[in-house]
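J.: Here are the chains, one letter per residue:
Protein chains: 2
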Amino acid sequence: MNANIHIVEDEQSIVTLVEYNLSKEGFKVNSSTNGEDGFKAIKDTNPDLVLMDWMLPDLSGVEICKLLKKNEKYKNIPIIMLTAKGEEEDKVKALNIGADDYITKPFSFPELLARIKALLRRSKPSVAQDVITFDNLKIDRITRKVYRGNKQIDLGPIEYKLIDFFIKNPKRVYSREQLLTNVWGDNINVTSRTVDVHIRRLRQAINLEGTKDLIRTVRAAGYSLDN
Amino acid sequence: MNANIHIVEDEQSIVTLVEYNLSKEGFKVNSSTNGEDGFKAIKDTNPDLVLMDWMLPDLSGVEICKLLKKNEKYKNIPIIMLTAKGEEEDKVKALNIGADDYITKPFSFPELLARIKALLRRSKPSVAQDVITFDNLKIDRITRKVYRGNKQIDLGPIEYKLIDFFIKNPKRVYSREQLLTNVWGDNINVTSRTVDVHIRRLRQAINLEGTKDLIRTVRAAGYSLDN
DNA sequence: TTGTTTTGTAATAAAATTGTAACAGTTTTG
DNA sequence: CAAAACTGTTACAATTTTATTACAAAACAA
Chain H
46 MNANIHIVED
56 EQSIVTLVEY
66 NLSKEGFKVN
76 SSTNGEDGFK
86 AIKDTNPDLV
96 LMDWMLPDLS
106 GVEICKLLKK
116 NEKYKNIPII
126 MLTAKGEEED
136 KVKALNIGAD
146 DYITKPFSFP
156 ELLARIKALL
166 RRSKPSVAQD
176 VITFDNLKID
186 RITRKVYRGN
196 KQIDLGPIEY
206 KLIDFFIKNP
216 KRVYSREQLL
226 TNVWGDNINV
236 TSRTVDVHIR
246 RLRQAINLEG
256 TKDLIRTVRA
266 AGYSLDN
Chain W
46 MNANIHIVED
56 EQSIVTLVEY
66 NLSKEGFKVN
76 SSTNGEDGFK
86 AIKDTNPDLV
96 LMDWMLPDLS
106 GVEICKLLKK
116 NEKYKNIPII
126 MLTAKGEEED
136 KVKALNIGAD
146 DYITKPFSFP
156 ELLARIKALL
166 RRSKPSVAQD
176 VITFDNLKID
186 RITRKVYRGN
196 KQIDLGPIEY
206 KLIDFFIKNP
216 KRVYSREQLL
226 TNVWGDNINV
236 TSRTVDVHIR
246 RLRQAINLEG
256 TKDLIRTVRA
266 AGYSLDN
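Going down the list, the sequences are from chains H and W. Residues 46 to 272 in the numbering used here are what the first sequence lists, from first letter to last. Residues 46 to 272 in the numbering used here are what the second sequence lists, from first letter to last.
Simulated from the structure, these hints should not be mistaken for lab results. Be aware that a few hints might be false.
Copies of the same chain look alike in the list, so a pair counts if it fits in one copy or across any two.
Here are the simulated lysine to aspartate or glutamate pairs, DMTMM-like style, with alpha carbons at most 20 Å apart [unchecked claim]: (1) Lys69 / Asp231; (2) Lys169 / Glu70; (3) Lys69 / Glu222; (4) Lys115 / Asp231; (5) Lys73 / Asp175.
Since this is a predicted model, take the numbers as computed values, not measurements.
Could you put together the complete structure from these sequences and hints?
T.: The following block contains the structure:
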């Protein structure tokens with residue numbers, strides 16, 4: 046997942062929260078805190094998806110949405126409207142003016158993420174791939190199968206999560222602690238040495254006879270997916 | 046991101062929270078719980094950014110801020126003031142006494158992080174950048190790889206930290222003691238001659254056949270990254 | 001429940017890194 | 001110039017970090 050997402054929202058707390066979490070998911074995020082700037086920025090940066098507040102200090106989200114959808118060049122950018130009101134009527138209105146989806150505040154981040162992914166899969170399959178490859182390693186997130194070359198590989202749950210996490214940011218080095226929080230989950234009670242063992246298991250699984258090791262050990266730092 | 050951040054804050058809960066999260070982000074964090082110590086520590090360690098409480102038991106954050114901003118040597122350290130009051134008036138006051146940003150408690154960590162990153166990007170690009178170059182030497186902090194020209198170079202952990210530290214302030218000369226505290230860490234028990242050996246190793250690694258020596262020895266003073 | 005898979009840990013082996021000492025070389029100083 | 005001060009280089013032992021293995025506990029599926 047490496048799409049560019051633009052947020053137009055005047056509540057700073059929401060912006061930072063969403064920005065932080067989306068970045069962690071591998072998205073490139075930019076934001077504007079008012080309609081004027083937002084509209085300009087969207088035209089400038091041509092993001093893959095826009096997240097926009099319904100109400101904005103100046104130029105409202107509704108207006109921007111209409112403007113964008115009217116323009117041949119920008120009409121294909123998917124737009125998710127954020128709103129405080131949860132009324133069905135607004136939903137209809139939002140979709141009528143061309144918004145592609147609609148989410149009411151407060152929302153949970155996983156829910157937002159799911160909607161973003163769904164939209165991207167529809168509009169930009171290339172950035173929301175269900176099948177990701179790195180070198181000759183292939184991960185199919187739909188069937189949950191992993192291939193090296195064209196040989197299918199069996200992975201345990203943790204190994205799968207590991208490789209799926211690594212492949213989101215190939216070549217990036219992650220510390221054992223980062224891997225623990227991102228793969229095992231927060232406040233889990235596991236030794237950091239455990240990571241070594243699972244790295245070993247992953248290596249054993251994906252590095253077939255005569256292929257190079259795709260996991261790089263960076264001493265005193267951690268591991269990365271690299272070739 | 047590998048900036049040094051100093052926190053001056055008397056509420057221990059905030060210190061531990063922020064310290065923990067910033068460390069996880071890759072920052073090096075030190076803290077003081079009163080103004081006296083904080084001021085001294087800042088002058089000693091020369092951090093890349095300071096996070097300071099508005100109110101402190103003894104010497105107030107406001108006072109420290111004024112003192113630092115008055116001093117030519119420290120005036121460029123960006124300061125973020127933390128405060129419980131959320132009044133606009135205080136914001137103006139904070140910025141007037143030279144603080145670079147202002148955040149009200151309680152704050153979310155992502156928000157704090159965003160502000161820290163923004164400030165660092167502005168004031169110290171060399172510590173905020175993920176890929177940084179000096180002459181034809183390139184350090185990629187994400188993949189943790191170092192290149193001379195386009196040849197990748199293998200460095201041990203200390204050599205990597207050394208070059209990463211040098212490149213933050215190119216051409217600046219650091220004494221062996223400074224290098225020890227900044228690269229090895231505080232209260233470590235190592236001879237200062239050890240630095241020589243690691244400098245030697247670093248030189249050997251980055252100065253490829255036919256390239257000039259990027260490490261300058263300054264007699265009776267220390268070493269610097271220079272060309 | 002029973003059998004299978006997965007998981008975490010501890011123990012040990014292997015590998016890489018580190019610090020030191022000793023000495024050689026170089027520069028400065030008187 | 002000679003002595004003193006400082007730096008460069010090397011080899012090696014100690015330490016630290018990572019890899020590997022085996023095994024029991026836990027989770028899961030039949």
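J.: Taking the hints in turn, state whether each one holds.
T.: Evaluation of the provided hints:
no. : hint            : result
1   : Lys69 / Asp231  : both (14 Å within a copy, 12 Å between copies)
2   : Lys169 / Glu70  : within (17 Å within a copy, 26 Å between copies)
3   : Lys69 / Glu222  : both (15 Å within a copy, 8 Å between copies)
4   : Lys115 / Asp231 : neither (28 Å within a copy, 43 Å between copies)
5   : Lys73 / Asp175  : both (16 Å within a copy, 15 Å between copies)
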